[in-house]
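Enquirer: What follows is the residue order along each chain.
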Amino acid sequence: METGREVQVGERGNVDRRMAGKAVAVVDTNVLLNLAIPVVDNRSKAPTGEDPFKTLLVSYDIHVPDSVLGEVTDASGGDDLLSQAAKLVLRAADSLTTHDVRDEIQEPLDYGLDRGESEAIWLTNNRNVDFLITDEFGSTKYLLLNLALEDRNKLFTTPHILCTLTADGALHPEYVEEALTYYFETKSWDGKYVGLLRERYLR
Amino acid sequence: MPEEKKRVDFNADVSVIESADSITEVTNDTRTDFIIDAIKNEIRKLRNDEDFRQEVVDAYYDGRIDHSIAEDILGVEEATRMKLLKESIDRVPPEPQLEDSVPTDEEFYDGKVPTWKPDERSKSASEGT
Numbered sequence: 001m002e003t004g005r006e007v008q009v010g011e012r013g014n015v016d017r018r019m020a021g022k023a024v025a026v027v028d029t030n031v032l033l034n035l036a037i038p039v040v041d042n043r044s045k046a047p048t049g050e051d052p053f054k055t056l057l058v059s060y061d062i063h064v065p066d067s068v069l070g071e072v073t074d075a076s077g078g079d080d081l082l083s084q085a086a087k088l089v090l091r092a093a094d095s096l097t098t099h100d101v102r103d104e105i106q107e108p109l110d111y112g113l114d115r116g117e118s119e120a121i122w123l124t125n126n127r128n129v130d131f132l133i134t135d136e137f138g139s140t141k142y143l144l145l146n147l148a149l150e151d152r153n154k155l156f157t158t159p160h161i162l163c164t165l166t167a168d169g170a171l172h173p174e175y176v177e178e179a180l181t182y183y184f185e186t187k188s189w190d191g192k193y194v195g196l197l198r199e200r201y202l203r
Numbered sequence: 204m205p206e207e208k209k210r211v212d213f214n215a216d217v218s219v220i221e222s223a224d225s226i227t228e229v230t231n232d233t234r235t236d237f238i239i240d241a242i243k244n245e246i247r248k249l250r251n252d253e254d255f256r257q258e259v260v261d262a263y264y265d266g267r268i269d270h271s272i273a274e275d276i277l278g279v280e281e282a283t284r285m286k287l288l289k290e291s292i293d294r295v296p297p298e299p300q301l302e303d304s305v306p307t308d309e310e311f312y313d314g315k316v317p318t319w320k321p322d323e324r325s326k327s328a329s330e331g332t
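Top line first, the protein sequences correspond to chains A and B. Each residue of the first sequence is one higher than the one before, starting from 1 at the first, in our numbering. Each residue of the second sequence is one higher than the one before, starting from 204 at the first, in our numbering.
Honestly, the hints are just simulated from the structure, not real lab data. Some hints could be false.
As the list claims (entries may be wrong) - Each pair of labels, with its calculated beta carbon distance range:
hint, chain 1, residue 1, chain 2, residue 2, range
1, B, H270, A, D114, 25 to 35 Å
2, A, R152, B, S271, 50 to 60 Å
3, B, D240, A, D79, 33 to 43 Å
Unchecked claim - Covered stretches of chain A, going by a simulated chain B footprint (3 or more residues, C-beta under 8 Å):
hint, region
4, 35-49
5, 84-90
6, 128-138
To be verified - Okay, derived cross-link-like pairs now, DSSO-like style, lysine-lysine, Cα gap no bigger than 27 Å in a straight line:
hint, chain 1, residue 1, chain 2, residue 2
7, A, K187, B, K243
8, A, K187, B, K208
9, A, K87, B, K315
10, A, K154, A, K141
11, B, K315, A, K192
12, A, K154, B, K286
Each residue gets a CB set at the ideal place from its N, CA and C atoms; glycine is no exception.
Excised from the complex, chain A in its bound form (with noise of 0.2 Å):
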């Protein structure tokens, strides 16, 4: 099995992306729990036949601050939903690059972005990674996260990526419209917006 365990950080810290041959993703905690919670969730409503989750840490070379997995490990605690996500994501650590970047950021970014967020951000900007994968993109934290990026073009929403993996077969296209759907009425997903994906993805 090739994971992110085979990748290594090279001298300078930045990603040596030469074994594994993937794009290299940064993700905040949100991405990694959403994308775990229709795996678990055993309601009739939730999609099924795919792992979203799987799909995406085998497809490109994921890439989290340290502090990603503790904000994980914290949501691991109860018996809902939520925490059970949790426990699914800690089981597939091992396919995840940790990297500790606490002392790089004596503080969160500030403008309403939490740890993991800056974290994931500094990431992003300062090692070789290709793009930053975020769930932010209904409230102002989204400008946000565009504001703090050098680059706003390695930014990429959660809905975007789940269409670009129906695109070389990794997801069908009847599970990623059913789960846009699932996330819609569950997470108040900007419905227009995943709309237009859909129209320009999955159509």
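Mind docking chain B on chain A? Use the hints.
Expert: For chain B alone, coordinates are given in the frame of chain A:
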């Protein structure tokens, strides 16, 4: 300095204007002030109306209104968020590299995937998650 004025002429049903005039008789306003207040109230009401705001969002994404109109109604932050999001749709993310064989759940998660379903007691409380 007082704001520049713009002259607006319009025709209205006689009964509507007569009703307005009856009210301004009592309130001692001019007909013009009465109409301007009514327009201001309607603008304030619609700017705070979620359904209307959603209409503006839809119209912007569909290209039926431009950025400046969205900004005027929704505010700078919300309009800029939508502009950035709309622009990002055309961006192509790096290509996923799927391996020939995707690891099984057993391999990937080191065991079976745990599942979650609300039990009957907590069902109503968990439905909203």
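Enquirer: Quick check on a hinted range of 50 to 60 Å for R152/A and S271/B, using CB atoms only.
Expert: violated, 22 Å
Enquirer: CB of H270/B to CB of D114/A, is that within 25 to 35 Å?
Expert: Cβ of H270/B to Cβ of D114/A: about 29 Å, so the range 25 to 35 Å holds.
Enquirer: Compare the distance between the alpha carbons of K187/A and K208/B with 27 Å, and conclude whether the hinted pair is satisfied.
Expert: violated, 46 Å
Enquirer: Range first: 33 to 43 Å. Now tell me if the beta carbons of D240/B and D79/A are that far apart.
Expert: Given a distance of about 56 Å, which is not inside 33 to 43 Å, the answer is violated.
Enquirer: Taking 8 Å as the Cβ threshold, is the statement that the region 35-49 of chain A is covered by chain B upheld or broken by the three-residue rule?
Expert: This one holds; 5 residues, not fewer than the three required, reach chain B with a Cβ under 8 Å.
Enquirer: State whether the coverage of the region 128-138 of chain A by chain B holds or is violated, taking the criterion as 3 or more residues with Cβ-Cβ distances under 8 Å.
Expert: holds (count 3)
Enquirer: Quickly compare the C-alpha distance for K315/B and K192/A to 27 Å and report which way the hint goes.
Expert: violated, 36 Å
Enquirer: If you count the residues of the region 84-90 of chain A with a beta-carbon closer than 8 Å to a beta-carbon of chain B, do you get 3 or more?
Expert: This one holds; 4 residues, not fewer than the three required, reach chain B with a Cβ under 8 Å.
Enquirer: Taking 27 Å as the top limit, are the C-alpha atoms of K154/A and K286/B close enough?
Expert: holds, 16 Å
Enquirer: Taken at face value, is the distance from the CA of K141/A to the CA of K154/A at most 27 Å?
Expert: holds, 16 Å
Enquirer: Would the pair K87/A and K315/B pass a check requiring their Cα atoms to be no farther apart than 27 Å?
Expert: holds, 12 Å
Enquirer: Do the alpha carbons of K187/A and K243/B lie within 27 Å of each other, as the hint requires?
Expert: violated, 35 Å
The earlier numbered hints that this structure contradicts are 2, 3, 7, 8 and 11.
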